[in-house]
Amino acid sequence: VILTIAGGKQEVLGYWLRNQLDYEPTILCIGAAIAFLTGKQVSIPKWADRIYIGWLLRIITDPKTFLPRYWSARKLRSLLKRWGTQMPQSSQH
Numbered sequence: 002v003i004l005t006i007a008g009g010k011q012e013v014l015g016y017w018l019r020n021q022l023d024y025e026p027t028i029l030c031i032g033a034a035i036a037f038l039t040g041k042q043v044s045i046p047k048w049a050d051r052i053y054i055g056w057l058l059r060i061i062t063d064p065k066t067f068l069p070r071y072w073s074a075r076k077l078r079s080l081l082k083r084w085g086t087q088m089p090q091s092s093q094h
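Numbering (our numbering), first residue to last: 2 to 94.
Because the hints were derived from the structure by calculation, they are not lab data.
It cannot be assumed that every hint is accurate.
[Claimed, not checked] For each label pair, taking beta carbons as the anchor points, the in silico distance ranges come out as: (1) Pro46 <-> Thr86: 44 to 54 Å; (2) Pro69 <-> Pro46: 39 to 49 Å; (3) Ile52 <-> Leu22: 23 to 33 Å; (4) Thr5 <-> Ile45: 12 to 22 Å; (5) Asp23 <-> Asp63: 37 to 47 Å; (6) Ile3 <-> Gly55: 31 to 41 Å; (7) Ile61 <-> Leu22: 32 to 42 Å; (8) Ile52 <-> Trp17: 17 to 27 Å; (9) Ala34 <-> Tyr71: 32 to 42 Å; (10) Leu22 <-> Ile45: 29 to 39 Å.
C-beta atoms are modelled at their ideal positions from N, C-alpha and C, and glycine is treated no differently.
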């Protein structure tokens with residue numbers, strides 16, 4: 002299964018599929034890979050990548066897409082602080 006859904010939804014769908022199917026499928030979440038190959042998503046310049054501001058350039062070039070995405074990702078900090086490298090137990094069976 003190849004998933005190319007934006008905004009973190011592909012991982013949720015992939016996790017759900019893995020738990021719903023009777024077998025263990027290979028699920029590839031490739032995100033924007035096709036957009037990079039087709040030129041729809043512009044690559045970050047090497048200079049910006051070296052100083053870790055690719056996220057800022059994405060917000061400047063496409064604020065409607067990236068600002069909400071990065072804003073919602075702020076919750077990850079507390080999850081990482083709480084769980085570290087451990088995965089929390091899922092309530093789904």
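A quick look at each hint next to the structure:
1. Pro46 <-> Thr86: 44 to 54 Å: violated (32 Å)
2. Pro69 <-> Pro46: 39 to 49 Å: violated (24 Å)
3. Ile52 <-> Leu22: 23 to 33 Å: violated (43 Å)
4. Thr5 <-> Ile45: 12 to 22 Å: holds (19 Å)
5. Asp23 <-> Asp63: 37 to 47 Å: holds (40 Å)
6. Ile3 <-> Gly55: 31 to 41 Å: For Ile3 and Gly55 the Cβ distance comes to about 24 Å; the hint is violated.
7. Ile61 <-> Leu22: 32 to 42 Å: With Cβ atoms ~41 Å apart, the hint holds.
8. Ile52 <-> Trp17: 17 to 27 Å: violated (37 Å)
9. Ala34 <-> Tyr71: 32 to 42 Å: violated (20 Å)
10. Leu22 <-> Ile45: 29 to 39 Å: holds (36 Å)
Violation of the numbered hints given earlier is confined to hints 1, 2, 3, 6, 8 and 9; the remaining hints are satisfied by the structure.
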